[in-house]
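4 protein chains.
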Amino acid sequence: MDFQPSAKILDLTRRMREIVDNDIIPLEPPFLTEGFGAVSTALDGVRKKIKAAGLWAPNHPPEYGGLGLNLVDNGLVSEVLGRTPLGHYSFGCNAPDAGNIETLHLFGNKQQKSQWLPRIVGGERSVFVMTERDNSGANPIFLTTTAVRDGDEWVLNGKKWFITGAQGAVVCLVMACTDPKAGPHGRQSIIIVPANTPGYTVDKATPIMGHAHEGLFGHCEVSFDNCRVPYDNLLGKEGEGFRMAQARLGPGRIHHCMRWLGICNRSLELMTQRAATRVIGEGDRRLADSDIIKAWIAESAAEIRAARLMTLFTAWRIEQVGAKEARNDISMIKYHVAEVLMKVIDRAMQTHGALGITDYTPLSFFYREDRGSRIYDGPDEVHKIAVARRIIERGGRVD
Amino acid sequence: MDFQPSAKILDLTRRMREIVDNDIIPLEPPFLTEGFGAVSTALDGVRKKIKAAGLWAPNHPPEYGGLGLNLVDNGLVSEVLGRTPLGHYSFGCNAPDAGNIETLHLFGNKQQKSQWLPRIVGGERSVFVMTERDNSGANPIFLTTTAVRDGDEWVLNGKKWFITGAQGAVVCLVMACTDPKAGPHGRQSIIIVPANTPGYTVDKATPIMGHAHEGLFGHCEVSFDNCRVPYDNLLGKEGEGFRMAQARLGPGRIHHCMRWLGICNRSLELMTQRAATRVIGEGDRRLADSDIIKAWIAESAAEIRAARLMTLFTAWRIEQVGAKEARNDISMIKYHVAEVLMKVIDRAMQTHGALGITDYTPLSFFYREDRGSRIYDGPDEVHKIAVARRIIERGGRVD
Amino acid sequence: MDFQPSAKILDLTRRMREIVDNDIIPLEPPFLTEGFGAVSTALDGVRKKIKAAGLWAPNHPPEYGGLGLNLVDNGLVSEVLGRTPLGHYSFGCNAPDAGNIETLHLFGNKQQKSQWLPRIVGGERSVFVMTERDNSGANPIFLTTTAVRDGDEWVLNGKKWFITGAQGAVVCLVMACTDPKAGPHGRQSIIIVPANTPGYTVDKATPIMGHAHEGLFGHCEVSFDNCRVPYDNLLGKEGEGFRMAQARLGPGRIHHCMRWLGICNRSLELMTQRAATRVIGEGDRRLADSDIIKAWIAESAAEIRAARLMTLFTAWRIEQVGAKEARNDISMIKYHVAEVLMKVIDRAMQTHGALGITDYTPLSFFYREDRGSRIYDGPDEVHKIAVARRIIERGGRVD
Amino acid sequence: MDFQPSAKILDLTRRMREIVDNDIIPLEPPFLTEGFGAVSTALDGVRKKIKAAGLWAPNHPPEYGGLGLNLVDNGLVSEVLGRTPLGHYSFGCNAPDAGNIETLHLFGNKQQKSQWLPRIVGGERSVFVMTERDNSGANPIFLTTTAVRDGDEWVLNGKKWFITGAQGAVVCLVMACTDPKAGPHGRQSIIIVPANTPGYTVDKATPIMGHAHEGLFGHCEVSFDNCRVPYDNLLGKEGEGFRMAQARLGPGRIHHCMRWLGICNRSLELMTQRAATRVIGEGDRRLADSDIIKAWIAESAAEIRAARLMTLFTAWRIEQVGAKEARNDISMIKYHVAEVLMKVIDRAMQTHGALGITDYTPLSFFYREDRGSRIYDGPDEVHKIAVARRIIERGGRVD
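Residue numbers (my numbering), protein chains in the order written: chain A, 1 to 399; chain B, 1 to 399; chain C, 1 to 399; chain D, 1 to 399.
Source of the hints: derived by calculation from the structure; they are not laboratory data. The beta carbon of each residue, even a glycine, is placed where N, CA and C say it ideally should be. Just to be clear, a hint being listed does not mean it is correct.
Each computed DMTMM-like pair below joins lysine to aspartate or glutamate, with the alpha-carbon atoms no more than 25 Å apart [what the hints assert, rightly or not]:
id : chain 1 : residue 1 : chain 2 : residue 2
1  : A       : Lys343    : B       : Glu319
2  : B       : Lys343    : C       : Glu282
3  : A       : Lys343    : C       : Asp291
4  : B       : Lys8      : C       : Asp2
5  : C       : Lys49     : C       : Glu63
6  : B       : Lys159    : B       : Glu221
7  : B       : Lys324    : C       : Asp291
8  : C       : Lys51     : C       : Asp11
9  : C       : Lys8      : C       : Glu28
10 : A       : Lys49     : A       : Asp23
11 : D       : Lys181    : C       : Asp23
12 : B       : Lys113    : B       : Glu240
13 : C       : Lys324    : B       : Glu153
14 : D       : Lys343    : A       : Asp232
15 : D       : Lys159    : C       : Asp284
16 : C       : Lys8      : B       : Glu221
17 : B       : Lys343    : C       : Asp2
18 : B       : Lys343    : A       : Asp291
19 : B       : Lys159    : A       : Asp399
20 : A       : Lys324    : D       : Asp2
21 : D       : Lys204    : D       : Glu34
22 : A       : Lys343    : C       : Glu339
23 : A       : Lys181    : B       : Glu339
24 : D       : Lys324    : A       : Asp232
25 : C       : Lys159    : D       : Asp203
26 : A       : Lys237    : A       : Asp291
27 : D       : Lys181    : D       : Glu238
28 : A       : Lys181    : A       : Glu124
29 : B       : Lys343    : C       : Glu393
30 : C       : Lys343    : A       : Asp291
31 : B       : Lys343    : A       : Glu325
32 : D       : Lys343    : B       : Glu339
33 : A       : Lys324    : A       : Asp399
34 : A       : Lys110    : A       : Asp150
35 : D       : Lys343    : C       : Glu339
36 : A       : Lys343    : D       : Asp399
Simulated coverage check for chain C against chain B, where a stretch passes if three residues somewhere in it have a Cβ under 8 Å from a Cβ of chain B [claimed, not checked]:
id : segment
37 : 2-9
38 : 224-236
39 : 305-312
40 : 375-384
Working from the sequences, and respecting the hints, build out all of it.
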């Protein structure tokens, strides 16, 4: 066993960290109090700088303009970028684009790849359209939006919600039922729908945690009303939608975990700095002089360390045995890292006192926007039950 | 010992509950997605109805139009009103007005009472102006806003923040340093400043949890720039500010706890209803069929029960021995109930899945707006340290 | 609502507390390191003193020599006696005798009462024989020990385990299947078996937490091998065993909770005293100077307070509406108080460092012997599921 | 980064696992109910078999008969041996011998090594004599046992406690104050005292968790009463005792963590098997059918995984940068793994119901004997405070 990252990735992350600290974090205050619109122009400049520095799209295929890092190195990158809510967008590796690029790259045909990958890897935005309000998101078997073949076309009808970043995206990957009579895992297909297709409407952003965010950070309701696209917009084969979603969501979960580690690190830094500087009593006594705060810092550091190693181990294992074989590993980091994340954010917030609940630090944003970490891509409880079922089948072995 | 509430209070809370359920909760959806402005006119109507029904201002002095309930009965009322963020406002017993009325009633002279109490008890809004950004809110000793006597007038200068409800309020109780050379507990006085006094400015609402709320729910920065008021606007005696704030904050904390119990009850109801109705799998299997959800419901019920009894006990004890003697009791409910509150909200939210983080239920509002419960009126940690110090002094006895 | 205990019970508990502190706690060191045998003679003297002082058997019927306290007052007594493992035995109200007395008093006929109650209330020991190793103890439906009628006699056959205090007891209440074909709740009956009946054998004490305790504290395996007793030894009616066990176990659980509160109080006292005296560093710095220890003390105090009020409330409610109607209340204190108990013991132990795991304080005894609190009389999880099921049926209401 | 263990260590641990499962675990039942004496002869046979198989003393120097594994591989071994309380003893790598061997190997002179290392590596037992009852064990500065030079001899006087395995050991490494006037870290020296030296007495085993264990598992009080040994029995230099203890305790802590991982794995296996087989209701419903139990299994698996990787990472880091530089890493696993350990044992015990608190599984032994994990080698809180202090000094960086 060797825990030493390569010199190459250490250099890469060092350079990325400089841009995060010097160019992106200074944009947080207007972003946090005025919204994404207040910084989008400035971020365009940052993105150009990053492209020029050869740091763009670290996880994406080199043939389309990315750096093509493996999953472990990608984890090391992502914990740097995740330190700010604007990091992944700035470096061209934001969700859901990252997952869409992977899905198109794995399952798209030549034409589909050449049409969309350069644009999305290049920085235009895409969406993944799966979740429905009245059907448990944890189980794509029950989705009811339909795509019916009509000659050379698909006709889509239905409503979806929680479609992240729908406003301003140029293309959708849509999960739709193409054969309601098939077995539960063969009913769905994925169809590529350009955003300007008639019949496709982005209805509104769902108000979440007090905000109906615009653009990138909004989670929208969208509808398909006799929306027609060519039959050839089918991704992969008919009835393979569920399988492709699984292939996508598995590694997708690890991307979240990697990003959360960045949030954890940032929160620990903020907590430590606040503790070291906040005077709380006579004789220049500071927060850091209280053992309660010290215990929070020490516990957070250990939990982050453990979560980080488990995430990197899982990345390594996915590369060794594939996402399917590493299902337990992926599920375990999903719920374990999400729990660590929420604990660390909470302690950092409490350490800041009243300042912690204002928007003058990113902690309040993390607290609200990342509460979903324990819900999206399958609630923690669903993953726990699945992991336990497999461990029981194996008589106590985890893998 | 007798745990039986009186028939009178049971009748009162039953009638209040009907109004909460039938008239106020239906106003939550626009409030949660559009803000207070969207419902303020409708709430004016509800307030009239409540006044007409003889249910207005349950905790306030009868001579100024309230019902004059004792603290235990007030707790039973507050857990009903707290079920919705709009409850206390609708019934004329919202913070900070409730605390200001108590403070004026306890320490105001005849003229001050007759000038302000009828207006505030009647429904106009007031603010309590204490907290400063750069000085630990937990310790009013260090506040730096000054009031200097100039003949028959006070001249106030300084900046404050986290002034809840400053927009639209008609009068302020301002904590200001009147004698910087006095002992630490004798430096501050409280001065009454009408909101239309020149030199007093409500600068802006601090953005908190993503929102710079307007009106009632906003926490503002305010400034005093050579702001002059008559000397007779002094509340109580010079140098008594700290003592009066303590007298106010002690029982003030229990008002928060009582309200939180309402939030807990509502969250448990929402969690239970969601669990009973949300289909999660084949064969009509529901969330409530999972023992994990059942354990959350059962743990929440027990924790709420325990928190409730401890709060009512503390109310009873304050009435028996006074707030000062009941300091430990008050501190204990402050941190204990706040912790239960956050746990129950969190479980309810998780039970709702993606819906839980939207603004289509009040849970997301509770999660954000009540995170401050562990911070305001003294962070939990400050209270724990104070309680433990007294227990240690008493050799292990709590009271 | 009135939280004031009566003057009578305050006087009674004050006198009991003196005996606990002055006569019983000094016997703990030999008990903890040498076992019950080392103190049994001394305890006989203490029991005589208690009888002479008119404090014997506080919860038992006056007509058989007890004080006949109601359940709330009994709770106030039990938290005093529970401060030491020897308290309830010394005062003649130990489990399982307490439950057996209640059961005999409720369901025994005149002859059975006059034969056994004076002896057991007087201090001889009895056992309740229900649990079987291979059948879930949480569900008496599945028990397999049988009692077959043969003329004027019952013939018992089967094995039981976890029979507390079997060594040295004079009589058993035995749960046995008298009609395997009856409905699930009608199969069992309770039969009185004198300990000297041929065919009844106390096999051995099950080794638990490193000890096969003798006498009072041992949990034994016992067997019935064609053990014959008169038919009239049937308690209540045939097939009523399950119903009588429920009637017994309901209030039985609250007796445990009351005793646990005593353990909690004692642990908090020990923790506080240790914190106040243990020097940990230069300048006479003590454990109590660390905010971590202070937080433990404060959290424990609040949790104990909450658990105590919930237990007393449940006692009051059982008296108002009966144990069946108060099922949810009883289950809630069962799992809530047990959890508080284990947390408080654990913190007290950790505060003592290495001393905490030795037998030089009672903490190690509490830690081991009361771990079962979360298991016996129904594992916490079983109670949580039952409570939640009822809350769900009631649409969110707890009672 | 490469998480793949070498083929050599995989083969080694596979062979060790076979012996643990087939030869040692079958000895647990008599050990758990009758004590070490009941299995010591059988274990002698197992030890011979292990020596013959070339698996003896995996972590010790090859020149004295060990396998000389590096620290990472040693971790992989230890999590296999730790599955039973008898594992490390059987394989010749038990505490405190393991630490004593390391200390002698690092700091002993030629004569000292040749005299003692072959005997201890060969299987005779040794003790480390440091802790004193009235002085905080976390801080060796305050120890009061003295060693005064008298010509060619040291004369030792004082009392120690918690001396693990003192009965039957052949030699002691004694921490004694040789210069009370030196700076706090220069007062202590380590002196080798053969167990048969006059004036050295093993007084008694301290009763811990209900047992004054004999031999290997006993923690004894010992005394030095004008105990004389040659001056040359000094280990290293005068005044270096504290420094050598630090060098020893650093890696010593990781040995504990590695062993705890074995306990965690075993507990998870037992919990899983119990859940899969225990019938709890009608229709053959089993414990494993409850989502509560599933959640416990899944959470335990994730926590063990995280703790394991953090332990192996720390082993790797100690090898890269030394124990001093890796202080934070070592402290973090000390408190993090100990906490995981106690949680996993507790869940496994609860899953077993009444059986879990008996001595018919090793869980009750783990629960009692490993509660000390959060106390020995420095209470968790001391480590947390030390870790936080360094993180604060580094402005938020952990290492």
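Pairwise hint evaluation, Glu238(D) against Lys181(D), where the allowed Cα distance is 25 Å at most: 13 Å, holds
Lys159(B) paired with Asp399(A) [C-alpha distance capped at 25 Å]: 60 Å, violated
Pair hint Lys181(A) and Glu124(A), alpha-carbon separation not exceeding 25 Å: Cα-Cα ~37 Å, so violated.
Pair hint outcome, Lys159(B) versus Glu221(B) [Cα-Cα no greater than 25 Å]: Roughly 7 Å between the alpha carbons, so the hint for Lys159(B) and Glu221(B) holds.
Restraint status (C-alpha distance of Lys343(A) to Asp399(D) at most 25 Å): Given pair Lys343(A), Asp399(D) holds - Cα atoms ~21 Å apart, limit 25 Å.
Hinted pair Lys8(B) and Asp2(C), Cα distance within 25 Å: The given pair, whose Cα atoms are some 15 Å apart, holds under the 25 Å limit.
Given hint Glu221(B) paired with Lys8(C) - CA-CA distance at most 25 Å: 56 Å, violated
Satisfaction of hint between Asp2(C) and Lys343(B), Cα-Cα up to 25 Å: It is violated: about 29 Å lies between the C-alpha atoms, which goes past 25 Å.
Straight-line alpha-carbon gap Lys204(D) to Glu34(D), limit 25 Å: Status holds; Cα separation ~20 Å.
25 Å Cα cutoff - pair Lys324(A), Asp399(A): 12 Å, holds
Proposed proximity, Glu63(C) with Lys49(C) (alpha carbon, max 25 Å): Judged against 25 Å, a Cα distance of about 20 Å means the pair holds.
Holds or violated: Lys324(B) to Asp291(C), with C-alpha atoms at most 25 Å apart: 23 Å, holds
The earlier numbered hints that this structure contradicts are 1, 2, 9, 11, 13, 14, 16, 17, 19, 23, 24, 25, 26, 28, 31 and 38.
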